[in-house]
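Engineer: Residue numbers (our numbering): 2 to 398.
There may be inaccurate statements among the hints.
[Stated by the list, open to error] Under the rule of at most 27 Å between Cα atoms (straight-line distance), these lysine-lysine pairs were calculated in the DSSO-like manner:
no.	residue 1	residue 2
1	K48	K221
2	K363	K237
3	K22	K48
4	K173	K133
5	K54	K194
6	K152	K167
7	K42	K173
8	K231	K42
9	K194	K237
10	K130	K167
11	K118	K130
12	K133	K89
13	K155	K123
14	K89	K370
15	K231	K370
16	K240	K42
17	K152	K118
18	K231	K46
19	K221	K118
20	K333	K152
21	K170	K152
22	K48	K123
23	K240	K221
24	K231	K15
25	K221	K194
26	K170	K42
27	K152	K124
28	K123	K194
29	K54	K231
30	K15	K240
31	K118	K22
Don't read these hints as lab results, they were simulated from the structure.
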Amino acid sequence: MERLGGSPVEDAIKLLNTSRKDTNLRLAQRGLELARISGGKVLLKNKETGEIKQTFEIETLDNPNDERFGEAYTLLAEEFGTNVLEPKSIMQEQMQGLRYGFPIETGMHAVLLTISKNIEVKKDNGELKIHKEIIGVADIAVIPLQDEHAKFNKECVLGQLYIATKTSKNPKENYRQYGFGRELMISGYEYAKNEAHSRCLQLIGAVGECTYTSRAFWEKVGWKRIYVQKNNDQSKNWKEIQYIQPPLAFNIDTGEIEEGSGDEPEHLMVELFGKDSNKNPKINEKLINIVNGIYKSSNYIPPEAFGLVSEDGQLKSLNQNANLEITEKLIKTYKRHTEAIIPHLQNFSEQLRDMNVRFLTKAEIEAEKLVVEDYITPAEADDITGKDSNNDTNRSI
């Protein structure tokens, strides 16, 4: 990203705010415009008179027991489906800092950002009360990074896990037309900046697992796909790196993948701060660290959940009275779980071996007349061949 004069994350926020003009060009045809004010409020106004038609409020939901959690989760489930979205109980544990492959002392935890509007709801006694109807949700986390030796390196990325806004055939209830995904992203960057500071980490960018149908949206907010070519190759030929989201749900008693969960091919998209970030001599290593962080934050389950503890790289039973046979059984169960994830990181790493890396948008590819081989996911292949697929509900759309 080219610097605009502020910190890298502030530059990202400025660009997102600037991109609101595209939404307002569309809304102007209906005499409306969107404006954002302090306090996470977004206003829908009459373009000519400035009259406020509707106020929307963005809030951070960090308590999994909050009564709004169920409504937020339902919106995500309607958008992504249960084959992609983790079960409600797992998401609640992630919000508590549990269920991660990171030690709990890292402070890793997920939060939901919600955008809502006030509506009047009639109570049983006939009285009217104000209810905040959630019309958009983003599931995010600040992911700490580890180097190739599993040492935390004081860097982190904003992990954009899921984002969804309500849609409807009724134009008045189709909230995607207002660009609320962008507004949630602005709040996401602001949250990540503050969270990174509180945890003494350097925020180096943002990452998400994206569908092919959402590419245009993510490119508008500064994200790009990852392409590689052999070192010393001076041609215009580039190949998109293949990325797989490992299973999200596992049986703790057996370590097996839960029914309905499994591998999900995705497009990995990133925004790394700093001009010419793809010329960083350690960019390949950094990308591996980022994917490892995604897997640790989304797929790995800590050994403690299996009744184990890791000490000096060795797995031991949490129960000091457990005999060797029981301990070995627990270790086998835990490793059965990790064996469903490790090969995917190895495959991602192998694709970067002896490779140059570039981050590219579709517009950049066309402008430079590059010859690219894009990764075609099964869902995309089904659409190309005209098959009816239920798999086009990946993350970050």
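Engineer: If a hint holds in the structure, say so; if it doesn't, say that too.
Structural biologist: Structure-based check of all given hints:
no., hint, in the structure
1, K48 - K221, "holds, 24 Å"
2, K363 - K237, "holds, 14 Å"
3, K22 - K48, "holds, 13 Å"
4, K173 - K133, "holds, 17 Å"
5, K54 - K194, "violated, 31 Å"
6, K152 - K167, "violated, 41 Å"
7, K42 - K173, "holds, 20 Å"
8, K231 - K42, "violated, 47 Å"
9, K194 - K237, "violated, 36 Å"
10, K130 - K167, "holds, 22 Å"
11, K118 - K130, "holds, 13 Å"
12, K133 - K89, "holds, 21 Å"
13, K155 - K123, "violated, 51 Å"
14, K89 - K370, "violated, 45 Å"
15, K231 - K370, "holds, 18 Å"
16, K240 - K42, "violated, 41 Å"
17, K152 - K118, "violated, 44 Å"
18, K231 - K46, "violated, 52 Å"
19, K221 - K118, "holds, 25 Å"
20, K333 - K152, "holds, 25 Å"
21, K170 - K152, "violated, 50 Å"
22, K48 - K123, "violated, 32 Å"
23, K240 - K221, "holds, 22 Å"
24, K231 - K15, "violated, 35 Å"
25, K221 - K194, "holds, 21 Å"
26, K170 - K42, "holds, 26 Å"
27, K152 - K124, "violated, 55 Å"
28, K123 - K194, "violated, 40 Å"
29, K54 - K231, "violated, 55 Å"
30, K15 - K240, "violated, 31 Å"
31, K118 - K22, "holds, 22 Å"
Consistency with the previously given hints fails for numbers 5, 6, 8, 9, 13, 14, 16, 17, 18, 21, 22, 24, 27, 28, 29, 30, ordered from lowest to highest.
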